[in-house]
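Chains A and B, in that order, give the protein sequences.
Each residue of the first sequence is one higher than the last, beginning at 0 in numbering that gives the first Met the number 0.
Each residue of the second sequence is one higher than the last, beginning at 0 in numbering that gives the first Met the number 0.
Hints are computed from structural coordinates only; laboratory data are not their basis.
A few of these clues could be false.
A pair counts as met if it fits within one copy or between any two copies, since identical chains are not told apart.
List time: in silico SDA-like cross-link candidates among lysine to any residue, alpha-carbon distance up to 20 Å [what the hints assert, rightly or not]:
(1) Lys-148 / Lys-343
(2) Lys-148 / Tyr-292
(3) Lys-343 / Gly-260
(4) Lys-343 / Pro-39
(5) Lys-36 / Ser-317
(6) Lys-343 / Pro-243
(7) Lys-36 / Trp-68
(8) Lys-419 / Asp-290
(9) Lys-343 / His-22
(10) Lys-419 / Asp-206
(11) Lys-36 / Gly-260
(12) Lys-148 / Gln-295
(13) Lys-343 / Glu-232
(14) Lys-36 / Glu-372
(15) Lys-419 / Tyr-292
(16) Lys-343 / Thr-251
(17) Lys-343 / Ser-293
(18) Lys-148 / Asp-78
(19) Lys-343 / Ala-264
(20) Lys-36 / Asp-261
(21) Lys-343 / Tyr-353
(22) Lys-36 / Val-390
(23) Lys-343 / Asp-323
(24) Lys-343 / Asp-290
(25) Lys-419 / Val-374
2 protein chains.
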Amino acid sequence: MIEQSLLLTDAYELSMLEAYRAHGMAEIAVFELFFRKLPPERGFLLAAGLEQAVEFLQNLRFGAEELDWLAASGLFAPDFVASLAEFRFTGDVDAVPEGTVVFADEPVLRVIAPLPQAQLVETRLLNLVHFQTVIATKAARVVLAAPGKQLVDFGLRRAHGAEAGLLAARASYLAGFGGTATLQASRDFGIPAIGTMAHSYVQAHDDEAAAFEYFARVRPRVLTLLIDTYNTERGARIVAALAPRLAAEGVTVGAVRLDSGDLAAHARAVRAILDDAGQPNIRIFASGGLDEYSVQALCNADAPIEGFGVGTALTTSSDVPALDCAYKLQEYAGTPRRKRSEGKATWPGRKQVYRRYAPDGTILSDTVALLDELVAGEPLLQPAMRGGLPVPSLTGLAEARTRAAASLAQLPPPLRRLEKADVPVEISPGLRALAARLDRDNAA
Amino acid sequence: MIEQSLLLTDAYELSMLEAYRAHGMAEIAVFELFFRKLPPERGFLLAAGLEQAVEFLQNLRFGAEELDWLAASGLFAPDFVASLAEFRFTGDVDAVPEGTVVFADEPVLRVIAPLPQAQLVETRLLNLVHFQTVIATKAARVVLAAPGKQLVDFGLRRAHGAEAGLLAARASYLAGFGGTATLQASRDFGIPAIGTMAHSYVQAHDDEAAAFEYFARVRPRVLTLLIDTYNTERGARIVAALAPRLAAEGVTVGAVRLDSGDLAAHARAVRAILDDAGQPNIRIFASGGLDEYSVQALCNADAPIEGFGVGTALTTSSDVPALDCAYKLQEYAGTPRRKRSEGKATWPGRKQVYRRYAPDGTILSDTVALLDELVAGEPLLQPAMRGGLPVPSLTGLAEARTRAAASLAQLPPPLRRLEKADVPVEISPGLRALAARLDRDNAA
């Protein structure tokens, strides 16, 4: 499903490969992908995107047309372009499984491979892991804000292109959403497809009641009627009058959808109209510019709403559409490496994250340590690929969704309430010592 | 290049089609796509995405595999799914040409087609036109902030998936960027590919000077050296010492790139180091979390920087990752239609936008009017498709880029300075009268 062209990369990756090749630099490199400081709007991240990252690495090769274009482009020397025909990914990947809560500065994915391989995959690995982690995190916040509610991804139309819409549906389902409006996401990922009707459907009819009745007769299975095209309460009264007639034919109105105005006030008015008409089983579903804050406010206000469609704010993560993440060289040819650019220095070497829990299962603290240090806690990074082949146990959307529910339940209560709280992420003594030694060597 | 599956749509589009089919509703429908109120961060929009929208409509059909999946999904009746095999778009499209400045409430695209056709295409049309317009607008702001500077899209890694990265490259080139780092965008759209080197390249070498020298010998054509991996000024001194030696071999260092710290201060220090070493022709290129505001500040401060790589802020439009846009039914079977949902009421009927200019060419005001009203000004919507086939004269990236430069030059000076200013968008008397009549009829 996802785009697989190896030209979906930054030009400089190939420039560097050309230089590496000219100087025979193909020793083993270790790159790690991590998120830097989180913005104030985010207290945790939910790791996602690993399955697509593994799929990308496993299928990585230059097609004949791509090589022809590269050769014709004049950007690279012909013998270098020819050498790319045999290019494959043969390395190892360790990663934090999808659906695991992570924090800033923690490596979420490590690639160990010959330098050209590990280098080339940088752009697309970041592109895949960053985006799904951004969306899974946003979705997790909505899930935490609305316990027990039905949540549906409505965001394809304002997602950033096709792949964004599809992967946002996946990432939000992973985080605990119950379904998506996007049919292709339902096909590609097995997510329940959920849909109602648009205002245009109601408008196309001269009469709102007739529009509802026609729809109900044709599509009786999953029946939600959109009632705010002209006047929400009038729409509710039409449904209240229609529902008994439809019931006599065996058609059940499952829900009404509100999409505008003061949703809490409308929901209460509509609930009263439906209850007074003896229709307590017709549920109320709301949409329209919702995010975790408005959903939380509606839940806190006990608005009689059973489900929410969340669109733009979800699929663009509108308050935090991007996070500061990086994929950095930590070791080459057995020697640890450290970037020291101002404000962007990295921790060198091959690392693991160890997590400790309180007796009730709440996350207490994490430690980022060198792989060979002895540190208490649960190691988060696990084998995802060996010798270019996937370790099957680590991927799978259903497993990731189960894991996400468990991992979110381990968050400290303030983070579960979308409040600000810091989980301590400690840097191990061994890692600090290594960084200090590299800085001394480099300054010398 | 772009995703073409018709399953890339909201489930409800097909639900509505099923209901339309059951009741023989296939009269001509008129839908218009427009942007609602702009956020405070945006004073204008740059229309983009039409070429991909037309490509989508022209190639629109359900594949056999898609129909098989729909039939197996149980979401829709078998005879309805079977009827989709013949589905094509045969309608007319009028649109504001790409690269034209537009404002809130102005229709940018109109579809006139049998109701099922015009309905089904809603989700993907919005997805394509919204995203590219968001990005072209953001890019235009960077272009206005940095007159005469080289601007390059660096944003694939944090774009929202593959298509977002590719279409952001296109939209930013349309708006006046000079190139992109994304190779596939260069191939697909003919945009110049521009690349330098990453910190990992420098780190992989034990010695920074050697890293530069190797790179220069292998890739002498477009040579930019990244100098901030360890210490920016030290990097500049290494380049200053290396450049004469390389020049003796016929290799010219074109530029150095700064990617961290106080870019203005580093640029001045680096400029002095290079000038003192007799290297005034080595240009300075900057990147690292830039947006239109930081670029404007660097230009206003006369920082000696000749070009900027803009990444995340551009390809996610990070301050405004989504705009409020809609695709609404304005007429069905010859009768104008009006949605009246609270805060989301639409202007009914088939409309045109007329633009008026001051003698010096500056945009004075626009009028949104009914198609058959007589209004002074230049009509913005032009034929883009007739009978399901493209009107070729209206698309083309090169033409759109030329148009964008001209249209941005017509913006009132405050908008060109990224300040807030309102260009009056008037609603014609005929349109107001029609809306009032429909509201009366509906209330009656």
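Outcome of the hint check:
no.: 1; hint: Lys-148 / Lys-343; result: neither (41 Å within a copy, 26 Å between copies)
no.: 2; hint: Lys-148 / Tyr-292; result: within (15 Å within a copy, 41 Å between copies)
no.: 3; hint: Lys-343 / Gly-260; result: between (45 Å within a copy, 9 Å between copies)
no.: 4; hint: Lys-343 / Pro-39; result: within (19 Å within a copy, 32 Å between copies)
no.: 5; hint: Lys-36 / Ser-317; result: both (18 Å within a copy, 17 Å between copies)
no.: 6; hint: Lys-343 / Pro-243; result: neither (65 Å within a copy, 31 Å between copies)
no.: 7; hint: Lys-36 / Trp-68; result: neither (39 Å within a copy, 43 Å between copies)
no.: 8; hint: Lys-419 / Asp-290; result: within (17 Å within a copy, 27 Å between copies)
no.: 9; hint: Lys-343 / His-22; result: neither (28 Å within a copy, 62 Å between copies)
no.: 10; hint: Lys-419 / Asp-206; result: neither (49 Å within a copy, 43 Å between copies)
no.: 11; hint: Lys-36 / Gly-260; result: between (37 Å within a copy, 16 Å between copies)
no.: 12; hint: Lys-148 / Gln-295; result: within (11 Å within a copy, 46 Å between copies)
no.: 13; hint: Lys-343 / Glu-232; result: between (55 Å within a copy, 16 Å between copies)
no.: 14; hint: Lys-36 / Glu-372; result: neither (24 Å within a copy, 56 Å between copies)
no.: 15; hint: Lys-419 / Tyr-292; result: within (14 Å within a copy, 28 Å between copies)
no.: 16; hint: Lys-343 / Thr-251; result: neither (59 Å within a copy, 29 Å between copies)
no.: 17; hint: Lys-343 / Ser-293; result: between (35 Å within a copy, 18 Å between copies)
no.: 18; hint: Lys-148 / Asp-78; result: neither (59 Å within a copy, 34 Å between copies)
no.: 19; hint: Lys-343 / Ala-264; result: between (48 Å within a copy, 17 Å between copies)
no.: 20; hint: Lys-36 / Asp-261; result: between (36 Å within a copy, 19 Å between copies)
no.: 21; hint: Lys-343 / Tyr-353; result: neither (23 Å within a copy, 50 Å between copies)
no.: 22; hint: Lys-36 / Val-390; result: neither (30 Å within a copy, 49 Å between copies)
no.: 23; hint: Lys-343 / Asp-323; result: within (10 Å within a copy, 35 Å between copies)
no.: 24; hint: Lys-343 / Asp-290; result: between (32 Å within a copy, 18 Å between copies)
no.: 25; hint: Lys-419 / Val-374; result: neither (27 Å within a copy, 55 Å between copies)
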